[in-house]
Every structure is written in C-alpha cells, then in structure tokens.
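Residue strings, one per chain:
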Amino acid sequence: MAALKVVRSGSRLLNGFQSLLNNPRKVTCGVAATVTKHPRWYCVSHLSVQERIERKRKAALSGGGQQRIEAQHRRGKLTARERVELLLDPDSFVEYDMFVEHRCSDFGMEADHNKDFTVFGGSLSGAHAQKICKIMDQAMMVGAPVIGLNDSGGARIQEGVESLAGYADIFLRNVMASGVIPQISLIMGPCAGGAVYSPALTDFTFMVKDTSYLFITGPDVVKSVTNEDVTQEELGGAKTHTAVSGVAHKAFENDIDALLNLREFFNFLPLSNKDSAPITECHDPSDRLVPGLDTVVPLETTKAYDMLDIIHGIADEREFFEIMPNYAKNIVVGFARMNGRTVGIVGNQPKVASGCLDINSSVKGARFVRFCDAFNIPIITFVDVPGFLPGTAQEYGGIIRHGAKLLFAFAEATVPKITVITRKAYGGAYDVMSSKHLRGDVNYAWPSAEVAVMGAKGAVQIIFRGKENQAEAEAEYVEKFANPFPAAVRGFVDDIIQPSMTRKRICRDLEVLASKKQANPWKKHANIPL
Amino acid sequence: MASHRVTPALQRVLFTWQHVAWKSRCCAVASHAKYSTVYDPAEKVHVKMADEAVCVGPAPTNKSYLNMDAILEAARQTGAQAVHPGYGFLSENKEFARRLAAHGVTFIGPDTHAIQAMGDKIESKLIAKKAKVNTIPGFDGVVKDAEEAVRIAGEIGYPVMIKASAGGGGKGMRIAWNDEETREGFRFSSQEAASSFGDDRLLIEKFIDNPRHIEIQVLADKHGNALWLNERECSIQRRNQKVVEEAPSTFLDPETRCAMGEQAVSLAKAVQYSSAGTVEFLVDSKKNFYFLEMNTRLQVEHPITECITGLDLVQQMIRVAKGYPLQHRQADIPINGWAIESRVYAEDPYKSFGLPSIGRLSQYQEPVNIPAVRVDSGIQEGSDISIYYDPMISKLVTYGSTRAEALQRMEEALDNYVIRGVTHNIPLLREIITHPRFVSGDISTKFLQEVYPEGFKGHQLSDSERWELLATAVALFVAAQLRSQRFLGNLRVSSSQQEQRRWELSVELEKGVHAVTVSRSGSTYAVDLDGKRVDVSSEWNLASALLPVTVNGTQRTVQCLSRSASGEIDLQYLGTSYKLRVLSKLAAALNKHMPEKVPEDTSSILRSPMPGSVVAVSVKAGDTVAEGQEICVIEAMKMQNSMTAAKTAKVKSVHCNAGDTVGEGDLLVELE
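Top to bottom, those sequences are chains A and B. The opening residue of the first sequence carries number 1 in the numbering used here; numbering runs sequentially from there. The opening residue of the second sequence carries number 1 in the numbering used here; numbering runs sequentially from there.
Treat the hints with care, since some could be wrong.
[What the hints assert, rightly or not] Quick list of in silico lysine-lysine cross-link-like pairs, BS3-like style, CA-CA up to 30 Å: (1) B:K322 with B:K206; (2) B:K287 with A:K56; (3) A:K58 with B:K585; (4) B:K511 with B:K351; (5) A:K239 with B:K597.
[As the list claims (entries may be wrong)] Computed from the model, here is a short list of chain A residues facing chain B with C-beta under 8 Å: (6) E54; (7) E85; (8) E253; (9) S276; (10) P278; (11) E281; (12) D294; (13) D309.
None of these hints come from the bench; they were simulated from the model. The C-beta atom is built at its ideal place from N, Cα and C for all residues, glycine as well.
Using the sequences and the hints, build the whole thing.
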C-alpha cells in the first residue's frame, strides 16, 4: 500500500540492514554468539571499512541464526524482520542505528523523509530506549505516525535503573506525541511490567490472539501476592483485554492477519494532526438511497435492532472498521468512509442493554471521540439511547464522573459533527450524544425519533402520580412527546429526514463542513473529569 | 393483459397475499378496480403498491393472514366487495369463503362445495373416478393368498407396490415387477400387517416408476364453461415441495396433453368448478397419467402458464367471480414459447436440499433489468425473513421463444440476483437448470436424490472454471489494492513513485495454493497461473454488488460477497459461493508458520442448524444416547426437524427447553 511506502532516506550513513530479532534477550545472545564464532571480525584489521560494513550486515541479516528464527516460527510467530516486511510495501524498509552495537541491535526502526510513517519493532527494554526516542522525535518533527510492534519480555533486571530511565524517556515521548501523530501498538508477544505503559499511552492497542499478553505482573507474581491461580491467557490474553478490561481495542487471529489488518487500518488515519482526514477514491455513489433503513427501526419501541445495520447501510461499500467490538457493546465506535472521506462513527447499540450509557460505554465513546477530534476526523453519531444505566453498581462506580467524560469529549470536539436520532433520545443522555446544544453542526431526526425527558410510562407515573387513567395519560404523552416534533419546532434538530436518504444527506453535509473552522478558548489544556 | 371494465360492484378488491403484490396491482389497475391489501407490521412492501392497506396483526400467521376476523374487518374497513385469497393462508378454507359470503363479500375462488369436495383426498378420488379421470389403479382389502395377490397385480399391471394398509407412508413398502416378486411381497406384507398392525388388509397399487409431477391449469366460469390452459411440469421437488417448474413440459406430446386436459376439464365440470384451479397428475415413464389431487386455488407457479398462454389468471378469476362467462374457447389457448420458474427460497441448500434460514436482507436486487424476466416477491432490501412465514423470497420467472432461450435467461437472472443477509438456494437452482439431465428434459420427482445422492455440494468446478475463478479473485485483489493507494487531496506518497505493474501473489481455494503473477495493462489483468495465462478485464467497480468480468473473452457476472483486509475474498461464481484467499508471495510463504486454530469438536456438541423453536427435548443430563438417537425437535417455518446424536455418549448438559426460540448455531445439548 503506497500509504506505507517508505522512501530511502538521503543520509545513507545511518541506513543499513540489521538483525531484526524481536526478543531483546535472545538478540543479545545471538550477537554475542556470532562474535565468538568469528573472532576475526575484530582482529582482522586489514579489512577495508567497506568490507567490514558488508560483514556486519551479513551477520546482522542472519540475526540470531536460523535456529532462533525457527524457534520463533514454532511458536506460531514471525520474526521482527518478517513482520516489518509484511507491514510495509516491498523494499521500502530502511533501518537506523545498525551500528549501535552494545546497546543492542534488536529492533528495526525507521522514519522516512516522505513524512510517511515510522515503525519500531521489538522490545521497549531500557537499553534500546534511546533508539526508540530518536525515531519518535523524528516522527513528531516530520509528522508521521508511529507503529510499535511489541514482543518483549519486559525490563531487564540486570540493567537496573538505566532501563527504568529508558522507559520513562519513551513514556514522555508517547505523551508528547499524543494528539500530534497517531500512535498504534500491536502486541505480538508478551509485554509485561513497565513496558505495558507505552501501549497504554498510544491511541490504539491491537493484540494477536493466543500469542500475546499484556500484564503488569505475570501469573507467578500474582500467585505469590494475591494467591490467585490464573493463566497467562486469562490474566492478560487478547480475550481478557478486548472483552473484559478494555485495554486493547481489537484482536486478530495471527501475526499475518494482524499486520494485514493494520495496513488497512492505517489508511483511515491522517499522518498527523496538521493533516486532514484522508480521502480515497470511492466507487460508491454518495447519493445512494438505502431503502433498507426505512424498515430497520421496529414499530414497537421496546423491540431491539442492530445499529450495525444502519452503519453498514450508510458507509461506503458497507465497510466499517469497528474499534473495541467486544467491549461495552452497548455503544458502537469505529471508522468508515463516506464518499471516500474517513469518518468516525459513534452509535448506541439497542441490541445490547437497550443501548443505554453506562461507565464502560461512556469511557469507550469518549476516548474515541477525542481521538477523532485530535486528528481532524468528522464524527457521525447515531442516537438511540434510553438514558444512563441506573443502579448502585453504576453510581458507586462513578457513572456521574465517567458519563461526564463522554459529554466533555463531544462538547469540546471542533471537528464536523453530524448527529442522527434514529429512535430514543431520552434525558441527559440526549444532551450527551452530540446534541445540537453541544455544537452539533447538523442534527437530524428520523420520523421514528422520540426526543423527550423520559419514556411515556415513567413520565406518566411521575406527572400523574396516584391518578387514575394512567393508560390514557400515557397515550397523550406519546402523542405529545414521543415524536421528533417538539425538538424540531425548537430547532434542536435541523430536519426530519427519511431514513433511506441518510447517506445522501450526510455525504452532502460533510462536503459543506470540510472547511469548518472552530476553535476553543485558549487554555493550557482542559481538565477532563478523569 | 386484456383490459376489461368491471361493474361498479367490484371496484375494490382486497388481496390477502404477499408475493404477488406487484402483479395484483397491475391486474387490479387493468380491471379498473382499487387494490387494497392487508399486511402485518413486519413487512410492508406490497403495502406501498396498494391503493390502501390494512394491518391485520403481527406474525405468526395465525394472528395475521390466518386471522379471519381481522381480514373480514379489513374488508369492511376498505369497503371491498371481493377478497382474493392468493395461495396458502385462507385460500382453500371453506369456512373463510362461507363467512365472506355471510358478509356479502365475494370470495374470489370456487364455490364452497368444490373446495370441500376436492379438499378430501378420498372423496376427490371417487369423484375423479366417476368423471372418468385416470386414478392410480389399486386394491385395498384382505387378500386371501399369494395367488390372489398375483391375480390382482395382473389386473393392475406391473410394476405394483404392496404394503400393509395400516402402515403409514412408505413403511414396509415392496415393489414387485413380476409374479414371483408379488408372491414374496405378499408373504412379507401380510406377515407384517398381522404382526405389527393387527390388521390383515393389504394395499396393492400400481407402482409409478420415475414419476413426473405434471399439472393442468383449468379455468371455469359459473356458466358451465371450462378450459384447460395447458400443463406445468413440476417434477423438480424436494420434500414434496416444488423447486423449479416449467411450462410446457418437455415430456408431453399433443395427444397426452389433450387427454390430460380433457380429463381435468371433466373433473372441474363434475364439481361445478368455477374460477382457476389445478389438477395434479403423476405421469409415468410410458406417459400413463394418474390423478393425484385438485388444488382449488391459484398456484404459486401460475405465472408460467400466464407466460405461455397470455392470459392473466388473477384477472380471469376476478371476472369469473363477478359472474362473467369466459372470454376464450379451448382453441384460443396457445402455447407460445417457454417459461421457467425458479422458487428462490431463504434456505441453505447444502442441508438436505434446503433448511430454512432467517435474517435481514442487507442487500437485495432483483434481476429485473434483464428482458423477459419477471420477479414476484413481497420483500425488499431491509426486510426481515422471519421464522413465521414461508421462506420463499420470490418467484423468478424467465420466458423465451424456445426452452434454451428461457434457460439461458434464467442462468443470467440467477447470476444477477443479489441477495445478502440470508442464505439462499440460488446455488442449487443454478445447478439444476444447467444440469445435462435437466437440460435434456430427463427428470422425475426423484431428480434431486438421483443427481445428488450424497446431498447437494455446490457447483463442481472444471479445470478451466477453476482457473477462471482463481484469476478473477486475483485480479479483484490487485484492483482493490491499487485503489486503496489512490488518495485524493494531499498525497501520502511521493509522486515520483511509479504505480506497480507486476505482482507476485498466491491464491488459495479449497486447500489448493497456487502461485500467480499478475501484470496490468489498463483495466485488464493478465494472470499467469500454473503456466496458464488468463486475461481478466472489468470496470472494477468495487462498490457494486455485481461484478461483470470478461475472462479470456467469456462474459460472466460474478458477485463479490465479501473482501477482508487479510486477503479473504468470497466470490459467487456460477451460482455457488467460493472462499478464496489472496496473499502476497511473502505472506503466503510465512503463512505456513501460523498456528492452525483447532475448531471445536462438534460431535459432542449439538447446535441448532437453523433458527426455529424447540418443540420437544427428549433427553436430560445424565442420559446415555445412542448415535442417531433423537435428542430434540426443532420446528422452523412449519417444518419439524429431528436433531440426533452424532455419537453414542452420555448427555452432559441440556441448554434448551421445549418452547424456546433458538437461533442458528445456538448450543442445544452437550455430550460428554
């Protein structure tokens, strides 16, 4: 994919091929072994510099040796070199710092002068931090995304405080780069201890099923401290982090699947916060009508439907790259294209917990909205929300604080914001979901929309407490409030549209809003309720 | 369609059926009648075409289309003077006809007594015999000895079928082709009759070898006139349900056709039949035909008769109901050209030729842009196919001046039919209509079992078809790759980069991996595959559901069902869908290191093969079941399916109860 195309840099001295092993410990051993087997490397002084370079390259290319490559393959994993080759277009990878010898040569990193992208593979172990920092600094300077392929055993105890310092150097750069260039982590092996905080600081963390783990401390330490019996997979496998903890955003079947999907994902993103969201060639007509949407919302307000049917219906070629598909499923977030232009989509999912907002879904939505806002990606919000989830579990967990995050994120976002109310928009949750009041640019309602403080039953019970004829009052309430008109007459929705026209309208609005300029008041940074 | 003015008394007609929405509309308009319809809230398509519509309640059907009260009320609301009941639902319900009459609403169909007479299997046979219609010769009673059995068999004529009268279905049935076999059959059957059923009676009946199901369309008025509108060949069936029908039949000669037609008409007259009806016959290999039953309603497959005769049957039915005499004479009824109907079902044809599937039609396009194609359906994109109605999506009818032309169009129509979101039987339909036996007209009701004794497995690719398919997938992959690099606006790559012109790839189909090289010139991709060169060209519109390609000069319509980032491409090619995977040479080489994920052992897990409701659970945790033993019964779309154990084992846990609604793939029972 040309988006990943890397052009060889002009400063050839720094470029070169080198060993691309993924486990730092192994790599070090590998290099040492090579050295002892070929002592002449260092004593044959009459070799010309050119020849020495060639020899070093050769040794580096063989890496830790065939045996170690095979061992990696036996574990169902690829070597770092293979991973990088798969991720990039053929012959486009160039490497930095091959000659940094004792600081180890276990990861390949490169940035290119085409403002394209940066990748580092291998460990985040302390000794290599300098190399990583170097490349990240450069990536930030030129405005190129950073992709980390993580497969490391964690900190090297024997390196002591130096490795801790190295970590912190990287963390600092992750934080500095946050919101400047997209940062993506792909966990392809164990990633434990302090190393986990780098992926946690990046925008997206993807994992490979069955071969990757993320945890602060492994099962042995867990056993000794809390006496819990837990396997690596249960503690920090892909399933745990994509479904339970919400640490990772998506998991893939294997190395190849993950890298190919990463290529696809990369094309959704701008290169930096100074670029606009990418637009690709699109064959799907922007004025395509979607007749299926006219019947997608069931007539009974209590009946669920799949929000993904709507998202697939309006997106270019029905393509939707869902983020966190298995976590807090009552909200759907992800990337799609509209007329070739990348958009971020947020939607309540009526199929799961009626699409209510709870702690997890608020945090999931908020983080996604902030990413889109940081990188100039327009946000399209589909609203069918009965409200925030009540109950002690939610209140004790701080739903007020967490729900406020989503509100905060939508309110501060200055990218184009288009909202479609498909059915319920009740109470505070209506305000939160990218309402007109939070600077929504275009807010639509479908004819099935009900913008109200609450549903008919609850409202009638409060307003007409103790009175007879509840059913009659309910019917009256439905007639008065359970429709899009109260919001429309006040201008809180801009138009009531036929569902089948939704794609056409959104594509047109995006065209208009492409030049939207909006700024928040100057501040050091906002204080989102974390 | 002959336009005809109706009297004011029939200005409003209520149609209570779904699939013929468009058609009824045309016809009602042609008759200057207002078209009203009924619907349930789940599906609203035919409603759009109607002048007015009344909701008769939600699914299941006993609450909607089968709810007489609701329909009577609908008739009252719309002020309809007549109700057309369509087929199925209430079309052969004499009570419904009676109640309509009581309300002064005309039931568009035959009189109650005809419905009643033909609705009873035994009575209808007696009436048929009286009307000199051929019935299957047979004997039902106590047979004294083997010699008497031989005598009876001789009277009937070989081959004969012998079985105990009390035994249901084909149980204990024996076929005898000569006297010796008759004696043997008598011995076995009489023993079985006495021991198993305690009833000595035996049934000896003419055995119809390789039977065909051929039916005659009749049309009669209230003045004693009746016509036969030629035959429909409906032999292609699975589980006694028709799949592909054609008119006329390749098998009948004019004499047989005429004989069948005249017998059908004489039966219609014998019961003072009025309106359209169908007389079904079994026809053996020697063109002997035997009366089976008469359907006192419009048949699903009536469009093919309309195609070849030019008569609009629904319009004729409305005329007859109003009391007009027929406009045509027998000599006016032509056979013009050939018509074929495929019943497109929401079914998985790989499971016993079709188990129901449900879902939401995420994409739906009928091939109506092809000339001489007619699609009768009651659904549209976004419709839900639910377990409550018949799984029929549509009736796809093609017409041609010759059979070959009609078949050619059917092939094209099936290739251009876009159905996504539910599993459908287009793979099976396309295989049937292109099978050499079908094309030559060599069919019988056993066609499917004979042609696919092991069950339907999809299209079997020939070598050249395989190359075509592989090359198409590879070319599609490259076209998609190239497009993904075309960014508009700010460039993400240096403009000096030449667009790639040559690719080394690998494509996998059914475990076979092929290395390929591709080179591009314009929109044509030359694919070098196992030493063969295949040229694939297309406009490469990657958003369209249909992908017209030209492969080595042959034009095909392929459908791309899905494309994933990791190179998986599902193509519908020649009706069948194939899973392919295209990878770069490097990725393919590394793919061998990827661990095989072990699929779950399905022999100890019983999952529902389709959505439906659990009728009965025959086991509980701790029971020991034998291989093949029934575990539970799932009912879906009016069908009960027995789920059996795949191995002998102890039941570990039961996850369903009678009355539960289950989805496809839901866990029912776990074995140890």
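Taking the hints in turn, this is what the structure says about them:
1. Between B:K322 and B:K206 the CA atoms are separated by roughly 42 Å; this puts the pair beyond 30 Å, and the hint is violated.
2. Between the alpha carbons of B:K287 and A:K56 the distance comes to roughly 88 Å, so the proposed pair goes past 30 Å and is violated.
3. A threshold of 30 Å between alpha carbons decides the hint, and for A:K58 with B:K585 the separation of about 24 Å falls inside it, so the pair holds.
4. Using a Cα cut-off of 30 Å, the hinted pair B:K511 and B:K351 holds, with the two alpha carbons roughly 22 Å apart.
5. Between A:K239 and B:K597 the CA atoms are separated by roughly 15 Å; this keeps the pair inside 30 Å, and the hint holds.
6. Hint status for A:E54: violated, given a least beta-carbon distance of 25 Å to chain B, over 8 Å.
7. Hint status for A:E85 relative to chain B: holds, with the closest Cβ pair at about 6 Å, below 8 Å.
8. Residue-level restraint check for A:E253 holds (minimum Cβ-Cβ distance to chain B is 7 Å; threshold 8 Å).
9. About 7 Å separates the beta-carbon of A:S276 from the nearest beta-carbon of chain B, less than 8 Å, and the hint is met.
10. The closest approach between the C-beta of A:P278 and any C-beta of chain B is roughly 6 Å, which is under the 8 Å cut-off, so the hint is satisfied.
11. Because the closest C-beta pair between A:E281 and chain B is about 4 Å apart, less than 8 Å, the hint holds.
12. Because the smallest distance between the Cβ of A:D294 and any Cβ of chain B comes to about 7 Å, under 8 Å, the interface hint for this residue holds.
13. Annotation: A:D309 was flagged as interfacial toward chain B, and the flag holds, the nearest CB pair being 6 Å apart, inside 8 Å.
Of the hints listed earlier, those the structure fails to meet are numbers 1, 2, 6, in rising order.
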